[in-house]
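Hey, can you work out the whole structure from these sequences and the hints?
Order-wise, the sequence lines are chains A and B.
Numbered per my numbering, the first sequence spans residues 1 to 392.
Numbered per my numbering, the second sequence spans residues 393 to 490.
Some hints could be false.
Said to hold, decoys possible - Chain B is faced by these chain A residues, among others (derived, beta-carbon under 8 angstroms): (1) Gly58; (2) Gly61; (3) Val249.
Bear in mind the hints are in silico, worked out from the structure with no lab data behind them.
Just so it is clear, CB atoms sit at the ideal spot from N, CA and C, and this is done for glycine as well.
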Amino acid sequence: MSKVRVLVGTKKGAFVLTSDGKRENWEVSGPHFTGWEIYHMKGSPADPNRIYASQTSGWFGQIIQRSSDGGKTWETPGGGMTMAAGRMPAGESNRFVYDTSSETGKPLTTHQWYDGTQHPWEFKRVWHLEPSLTDPDTVYAGVEDAALFRSTDGAHSWQEVSGLRGHGTGPKWQPGAGGMGLHTIVLDRSNPQRMYIAISAAGAFRTDDGGKTWKPINRGLRSPYLPNQDAEVGHCVHRIAMHQSRPGVLFMQKHWDVMRTDDAGDNWREVSGNLPTDFGFVIDVHAHEPETIYVVPIKSDGEHFPLDGKLRVYRSRTGGNEWEPLTKGLPQENCYVDILREAMAVDSLDSCGIYFGTTGGQVYASADAGDTWTPIVRDLPAVLSVEVQTLA
Amino acid sequence: MIRVELPQHLRTLARVNGDVQIEVEGRATIRSVLDALEAAYPALRGTIRDHDTLQRRAFLRFFVCAEDWSHESPDTPLPDEVCSGREPFMVIGAIAGG
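This is how it looks when you write it as structure tokens:
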């Protein structure tokens with residue numbers, strides 16, 4: 001019988017929730033890495049027992065954790081007690097060094113700071129881990145300050161995919177309120193050379209040659225906070241989602257505005273339609289219906305909580321524009337939590353499950369594509385990320 | 393033998409209980425103590441000082457015999473009390489945040 005594993009990163013540790021395919025009873029394991037911020041955890045599609053986790057702290061910096069048994073036990077790759085004679089200790093798995101070599105192109109040393117001046121790139125943390133679709137030992141990391149790294153040895157060591165920072169627009173990138181993070185990495189199963197990423201606040205970018213070269217894909221985005229509202233870069237993209245059956249169709253939750261592209265990002269159009277507010281962070285696509293998408297509207301950029309204190313997921317079955325509120329089982333009064341950008345995911349069971357976590361520590365799940373909801377765990381620390389694995 | 397007292401989170405990361413005991417060749421300094429600590433516990437690399445610049449992380453402090461040594465040169469010899477193990481070399485996390 002199928003199983004579902006939900007990986008929950010919180011402000012004070014990680015939790016792993018498991019259930020059978022009915023998704024009625026949940027076993028909670030954790031906290032793992034108690035006291036540390038877990039920005040993101042994600043399992044390998046090629047080996048579901050391989051899970052990567054980003055463990056971070058303002059005191060102690062960045063740690064990468066890896067599990068090979070579905071989250072029961074964890075290790076810091078390369079951080080063990082043994083080392084080869086004559087070599088420096090391993091412990092390289094938390095070493096993210098920006099590429100400044102002449103061989104790989106254009107060393108880029110500054111980006112735009114909050115006050116408009118140029119500021120050097122400084123590594124702070126890993127926001128997102130995206131395992132390869134085919135190789136459990138290959139994983140991408142989106143980091144703050146925004147850059148893309150890749151490991152091909154199971155997170156023992158990391159190398160920057162430097163073409164992204166080096167392609168030319170970097171000096172115009174600037175941090176959003178939460179920092180300048182690369183938070184979205186979308187891989188295309190039909191085209192291993194193609195990848196999408198998104199950065200707050202720079203925008204969306206695409207490579208068609210495996211990461212060597214990149215181009216901004218922000219035409220159609222409008223951001224009133226920019227001097228040029230239609231600028232090539234500088235947009236605060238919060239999240240991008242794609243259905244693997246239609247890799248050219250992307251959905252985006254921007255700072256404000258829900259957007260859609262049908263040509264792999266070359267042109268975007270707004271599909272906010274009848275949403276009560278189009279500010280938000282999360283967006284995801286139904287596992288079996290590529291035109292069914294989900295968002296959780298948030299009141300505004302100054303008030304990060306649901307409108308009117310009512311927690312409502314909105315579903316569109318038309319790929320945007322026409323939205324319906326989903327409320328059954330969700331609090332409809334006095335609810336003032338936030339749902340952060342990494343905190344929504346779907347499973348791929350026949351009746352698609354939808355999951356999201358809140359800064360109030362609840363993880364809500366729907367086993368019927370959003371019609372009804374129930375908290376599968378509550379009173380956790382603030383939820384930073386939710387990922388779901390559907391296990392055979 | 394030198395005793396190193398770590399914050400709880402780093403003990404967990406290094407999978408140790410209580411003080412860490414390490415050996416340092418020659419006269420011990422902050423640098424040589426941290427080098428030996430990281431050699432014995434590679435998971436700690438990058439958590440106390442930057443991987444490449446070897447600068448102390450901003451929210452950590454080094455205490456020696458009840459004095460703040462955070463801004464001492466990393467090559468300053470440590471006192472006999474620490475070198476003999478009578479006093480620990482303390483790595484302390486700043487009290488900040490919640």
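Legend entry - Hint check, Gly58(A) versus chain B [nearest Cβ-Cβ separation less than 8 angstroms]: holds (6 angstroms)
Legend entry - Residue hint Gly61(A), partner chain B, criterion CB-CB below 8 angstroms: holds (5 angstroms)
Legend entry - Hint validity - Val249(A) Cβ closer than 8 angstroms to any chain B Cβ: With a closest approach of 40 angstroms, the Val249(A) hint is violated.
When each numbered hint is compared with the structure, a violation occurs for hint 3 only.
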